[in-house]
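**Q** The task is simple: from the sequences and hints, build the whole structure.
4 protein chains.
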Amino acid sequence: MVIVIQCTDQVGLIAKISGLLAEEKFNILSMHEYVDQAEDLFFMRLEVDKQSNGILERKLRELLPQDAIVKINPNPEKKVIVLVTKEYHCLADILIRNYFKTLGAHVQCVIGNHINLEDICKRFDIPFHHIPFENSSAGFEAQLLDVIGEYEHDYLVLAKFMRILSSYFVSRFPLKIINIHHSFLPAFAGANPYRQAYERGVKLIGATAHFVTNELDEGPIIAQQIISSDHSLTASDMMKAGKEIEAAVLAKALRMVFDDRVFIYKNKTVVLE
Amino acid sequence: MVIVIQCTDQVGLIAKISGLLAEEKFNILSMHEYVDQAEDLFFMRLEVDKQSNGILERKLRELLPQDAIVKINPNPEKKVIVLVTKEYHCLADILIRNYFKTLGAHVQCVIGNHINLEDICKRFDIPFHHIPFENSSAGFEAQLLDVIGEYEHDYLVLAKFMRILSSYFVSRFPLKIINIHHSFLPAFAGANPYRQAYERGVKLIGATAHFVTNELDEGPIIAQQIISSDHSLTASDMMKAGKEIEAAVLAKALRMVFDDRVFIYKNKTVVLE
Amino acid sequence: MVIVIQCTDQVGLIAKISGLLAEEKFNILSMHEYVDQAEDLFFMRLEVDKQSNGILERKLRELLPQDAIVKINPNPEKKVIVLVTKEYHCLADILIRNYFKTLGAHVQCVIGNHINLEDICKRFDIPFHHIPFENSSAGFEAQLLDVIGEYEHDYLVLAKFMRILSSYFVSRFPLKIINIHHSFLPAFAGANPYRQAYERGVKLIGATAHFVTNELDEGPIIAQQIISSDHSLTASDMMKAGKEIEAAVLAKALRMVFDDRVFIYKNKTVVLE
Amino acid sequence: MVIVIQCTDQVGLIAKISGLLAEEKFNILSMHEYVDQAEDLFFMRLEVDKQSNGILERKLRELLPQDAIVKINPNPEKKVIVLVTKEYHCLADILIRNYFKTLGAHVQCVIGNHINLEDICKRFDIPFHHIPFENSSAGFEAQLLDVIGEYEHDYLVLAKFMRILSSYFVSRFPLKIINIHHSFLPAFAGANPYRQAYERGVKLIGATAHFVTNELDEGPIIAQQIISSDHSLTASDMMKAGKEIEAAVLAKALRMVFDDRVFIYKNKTVVLE
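Quick note, the sequences are listed as chains S, C, X and Y, same order.
For the first sequence, this note's numbering assigns the number 1 to the initial residue and increments by one for each residue that follows.
For the second sequence, this note's numbering assigns the number 1 to the initial residue and increments by one for each residue that follows.
For the third sequence, this note's numbering assigns the number 1 to the initial residue and increments by one for each residue that follows.
For the fourth sequence, this note's numbering assigns the number 1 to the initial residue and increments by one for each residue that follows.
Mixed in with the good hints there might be a few duds.
One copy or two, either will do: identical chains are not told apart, so a pair holds if it fits within one copy or between any two.
Below, computed lysine to aspartate or glutamate pairings styled on EDC-like, alpha-carbon distance capped at 20 Å [to be verified]:
#	residue 1	residue 2
1	K240	E273
2	K240	D260
3	K59	D237
4	K71	E47
5	K252	D237
6	K78	E152
7	K122	E39
8	K243	D9
9	K240	D119
10	K16	E47
11	K268	D67
12	K59	E24
13	K176	D154
14	K243	D146
15	K86	E118
16	K266	D9
17	K71	D230
18	K101	D237
19	K25	E141
20	K50	D146
21	K25	D40
22	K59	D230
23	K25	D9
24	K16	E77
Just so you know, these hints were derived from the structure itself, not from any lab.
**A** Structure (structure tokens):
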């Protein structure tokens, strides 16, 4: 059973929590905690050896500061909707992990603004909805919301979804949208990061998985990775090389999020790995 | 103040320890713990906000299992003796950190079986002892022991010391000798690892910092790192490239050891970073 | 058009080759060469801007030393057979790239000694042959050879195929079998490398793609990669973490091989990237 | 002997150059070339086995396009002036390499706007000039120029020099000033990059060595590297961790520049390693 806690820091919090668990005969299998001393915030993730009957959560809340967020076994079977455009590599990685049950979540459906990834979804028996972008962002997003509304979901995953979503849309899913951006953010935010990277002559290419907020490419970062580049790579070579890490970075971020290891505050994440 | 604990695991250990600290009004600044469930062993490193008057150590020992090893502020000013041969890069890195007081230990003296690193030691006012190897290992080691005996020391650091030490010698300093080996151990143990790596055609070159035990290059590993290689590197190019990471890996291992973050058991280390 | 050349080194080889190409009005798009000076061997890979009518190859052979191996557009559409056991990650990566035509080769069929990867192959319309291992290695390999014989193929890819192949079998496909080994070879050759790595307490986990020769895990290395590990990973955690790089390393090695960038000599590879 | 060439691309350039070298009985030890096809530019670095008597340079110029820049053995003993503020790690690394003659250049003097690195320079018999910043940038730079004027020099190295130099100053040393910036540029240009990185919650910390141009932190990048970070690092921890790679990245960039491997065009570098 997983327990996650986020609250104002206090002297003796760890003693209280671990004392309660010992008292209630839970054996701690793993425990990760972090205190942001500047912000006076306490974060903890525990794995214990048996399921709770509900009493534990109540007792924990009594022990902890008023502002405590406590989640016990938060949604062990997460549900996700994946949004794509044309590039296959992140989607395929997700579909494979979903198929072999190593994603840590269940893919409910895939929505594409192009049609070309429909076939791969069909091969895995995942519903694919084609919503082409036609003229208006408002009309497009209304259709997106309609389809999304048909499915239960915990997260939306933008797996190389190349359209910018409006503030209104994003505000409907606060900290529930995960994006893979093909650069080492905050370098090269916005469109065409590989073109920008090529022109700047960087010696490393990056990828960043982050939560989406109203500020484009400015949400809390979950995972980042880089690979070497050099003068001999054109913008298109960089794009090709980048794909290999984009899928890996997104996979890692999803694993962390679905495994309840990611806490968010102040536009940052704490990832208790 | 740093507290390190190693003992048999028990339910409620964290609760007991953190409870005691809260009771005694210590605020925990950082806490890292690890349980090896296969071996049933508990490891912990704490930093707390004030110095103890000795009572804490006694109370901790009462709380913990009989086999507990508890160290409070273990030797905050470690003393080390560095052994070298001809290569300068690891020694120079240590001397620089020693001079700027970022080594986490004090270099007492340097012993070289060649004379060529004497001058750099003199420039930093560090005593240098030249003990050439002449015929017999026994005679050589007797002289080493004599010089080592002149200085207080917590650790011996083999900073590219290219002579093999006897079991007898090693047994005099159990888990107190730290070596940098120029390969990704256990690949390429023994002499000439770069020659071996070149002949095997590996695509990565490694370096390993480890404690020295009687088995050559078989002691507990503290830190490892690699860099890319390819067909175009000769054994001598690899050696040159390797130097850059050898110094970095040794520096990291020393930082971890001097900072009391390294626990040893079963020929392995737990490094609570 | 791709041209690859391997021969004894001579003064003026580059001048001769590039002179001939200029004379014949080929524009060089990319050129990579390497001279192993110890072995006196010359390797070159060229991309030029138009197709040859056969005359070029003849003229090249006239120019070059007698022992020259010259290949012009070697098999632009490679065909491969993939052998698997139970683990899906490397196979799935290959099937996805095959499906999206970014593998650089065509997967003819998959052979598994277990049945559980049949479904994923079917989903991609790739023939799957189940050949269970029953008692005798000879009988097993005879069946393998029968199935392999049914398909044209340039390479056999062992994508986590967990049975050891006999010398006889291997000798039938000299330097045509590519394996992914789940360690940083030559460390942890043989069975259970993650168990070995766990027991040795290494701080890095590796994966190695190599050609298979008669010596188990001793063939020429094509690509290697590592990720960080630490004390907190069990052998099974290491295995899970390792999968992420196994698929990446194998993918890279296949890309290099299928793209005619890999030369073999003296149990080593030259990879002209 | 090293030969570097930069010119407009032409069909047959490699043939011409290598033909001439063969004719003149030079044996090519290593050859690296790169063509930027978008810009139609050709770059080459050669090492040959004997010294030229001057005829080769003349003949090369006759062969090559009018705009060709040809350098033969460009300044085999480079001279550098190092500018520092308070941080020692990059300077110490340079002084050590200078002392052991592995820097590829000779350090003429060190100029510091603080006094605290004087002693380390003295220990290596390197002149140290203390020029404190007092009120006016103009006055400060005038003094810098005076001291710099006293020494022959090929490059100025800003080894954690924390003052911004004026356009006027920079224009006096076009593409002759090398800086180490403590972030993965273009992310976190300007002051306090670690503070910025901390606030943005990045999961990687970078360092960038680049030529200085009039645009602050916008000059051609020579080398970059990153290390992992996470939520647990404060801005000051990041600074400490960053130092380890800053020295490494600057060392690599200097090695490439001093070894005549770096070509500059369009605010980018070509590094022929």
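**Q** So, for every hint listed, does it hold in this structure?
**A** Checked hints:
1. K240 <-> E273: between (29 Å within a copy, 14 Å between copies)
2. K240 <-> D260: between (31 Å within a copy, 18 Å between copies)
3. K59 <-> D237: neither (56 Å within a copy, 33 Å between copies)
4. K71 <-> E47: Answer is within; shortest intra-copy Cα gap is 12 Å, inter-copy 28 Å.
5. K252 <-> D237: between (24 Å within a copy, 14 Å between copies)
6. K78 <-> E152: So K78 and E152 pass the 20 Å test inside one copy only (10 Å; across, 44 Å).
7. K122 <-> E39: neither (48 Å within a copy, 44 Å between copies)
8. K243 <-> D9: neither (41 Å within a copy, 31 Å between copies)
9. K240 <-> D119: neither (22 Å within a copy, 29 Å between copies)
10. K16 <-> E47: Both. Shortest intra-copy (16 Å) and inter-copy (18 Å) distances satisfy the 20 Å Cα cut-off.
11. K268 <-> D67: Result: close within a single copy only, 19 Å intra versus 42 Å inter.
12. K59 <-> E24: Classified as within: same-chain Cα gap 10 Å, cross-chain 25 Å, threshold 20 Å.
13. K176 <-> D154: within (7 Å within a copy, 47 Å between copies)
14. K243 <-> D146: Neither, since 30 Å and 38 Å both go past 20 Å.
15. K86 <-> E118: within (10 Å within a copy, 28 Å between copies)
16. K266 <-> D9: within (16 Å within a copy, 37 Å between copies)
17. K71 <-> D230: neither (46 Å within a copy, 23 Å between copies)
18. K101 <-> D237: between (33 Å within a copy, 17 Å between copies)
19. K25 <-> E141: The answer is neither: 50 Å in one copy and 54 Å across copies each exceed 20 Å.
20. K50 <-> D146: neither (40 Å within a copy, 52 Å between copies)
21. K25 <-> D40: Classified as between; 18 Å across copies, 30 Å inside a copy.
22. K59 <-> D230: neither (57 Å within a copy, 32 Å between copies)
23. K25 <-> D9: between (25 Å within a copy, 15 Å between copies)
24. K16 <-> E77: Intra 30 Å, inter 34 Å, cutoff 20 Å: neither.
Consistency with the previously given hints fails for numbers 3, 7, 8, 9, 14, 17, 19, 20, 22, 24, ordered from lowest to highest.
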